[in-house]
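Asker: One letter stands for each residue in the lines below.
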Amino acid sequence: EAQVTQNPRYLITVTGKKLTVTCSQNMNHEYMSWYRQDPGLGLRQIYYSMNVEVTDKGDVPEGYKVSRKEKRNFPLILESPSPNQTSLYFCASSFTGAWNTEAFFGQGTRLTVV
Amino acid sequence: SQQGEEDPQALSIQEGENATMNCSYKTSINNLQWYRQNSGRGLVHLILIRSNEREKHSGRLRVTLDTSKKSSSLLITASRAADTASYFCATALNTGGFKTIFGAGTRLFVKA
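Chains A and B, in that order, are what the protein sequence lines are.
If you want our numbering, it's the position in the first sequence, counting the first as 1, plus 58.
If you want our numbering, it's the position in the second sequence, counting the first as 1, plus 247.
The hints are simulated quantities; they were obtained by calculation from the structure and are not laboratory data.
Worth double-checking, as some hints may not be accurate.
[Unchecked claim] Capping the alpha-carbon separation at 25 Å, the derived lysine to any residue pairs in SDA-like fashion look like this:
#: 1; chain 1: B; residue 1: 346; chain 2: A; residue 2: 60
#: 2; chain 1: B; residue 1: 358; chain 2: B; residue 2: 341
#: 3; chain 1: A; residue 1: 76; chain 2: A; residue 2: 138
#: 4; chain 1: B; residue 1: 358; chain 2: A; residue 2: 60
#: 5; chain 1: B; residue 1: 303; chain 2: A; residue 2: 76
#: 6; chain 1: B; residue 1: 346; chain 2: A; residue 2: 70
[Said to hold, decoys possible] For each label pair, taking beta carbons as the anchor points, the in silico distance ranges come out as:
#: 7; chain 1: A; residue 1: 158; chain 2: B; residue 2: 273; range: 39 to 45 Å
#: 8; chain 1: B; residue 1: 262; chain 2: A; residue 2: 72; range: 42 to 48 Å
#: 9; chain 1: B; residue 1: 311; chain 2: A; residue 2: 119; range: 31 to 37 Å
#: 10; chain 1: A; residue 1: 170; chain 2: B; residue 2: 307; range: 36 to 42 Å
#: 11; chain 1: A; residue 1: 85; chain 2: B; residue 2: 288; range: 41 to 47 Å
#: 12; chain 1: A; residue 1: 141; chain 2: B; residue 2: 297; range: 31 to 37 Å
#: 13; chain 1: B; residue 1: 288; chain 2: A; residue 2: 84; range: 37 to 43 Å
#: 14; chain 1: A; residue 1: 127; chain 2: B; residue 2: 303; range: 34 to 40 Å
#: 15; chain 1: A; residue 1: 119; chain 2: B; residue 2: 254; range: 27 to 33 Å
#: 16; chain 1: B; residue 1: 275; chain 2: A; residue 2: 109; range: 42 to 48 Å
Ideal Cβ placement from N, Cα and C applies to all residues, glycine included.
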């Protein structure tokens, strides 16, 4: 089954404790992206990757890191989480990054930083 | 800043009625997509419309695109309670890579 898998689905952590949210897709997609969703703000792009070893900043990259060492994986790293990073996070992938094919989304990771 | 802005923010209708949601954007686009999100879950792609298309249909969905007004609309005909969800339009900026921009969404509630 074609899918984007995020883990964990729920995470409560403390300020400053490094964490990684994993994202994996099984569709051989070139383009992968991370978003955060906050009430009233829709989805805001954090980072995206056009292909392996190619990443770029979205609208809200501060406080986040990503890497794309393999085509299927695109982990999101919070080196020192802060309470303002409490949010619902989504990973997505699509065949190309030209926004001319549909994007597939993971089920989301609800992160709470206390 | 948000490229896509949906209007209205929330919409409540009776089952069987039509629901229309609008989206405006600021810069030139190649394509515009509409997505649906059930409460707190991942987004699901509904329809893609290219900049050289004016209208597109998929089942009970009808999407229009007016590039001169930088706006798009999503019409859901004969709505059902199961259509209750949030709907987002999304575009992409060609910045060398492709930065995607989602609007804040329209929350649709269909009463049975």
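Asker: Report the numbers of all earlier hints that the structure fails to satisfy, in ascending order.
Answerer: 2, 4, 5, 6, 7, 11, 12, 13 and 16
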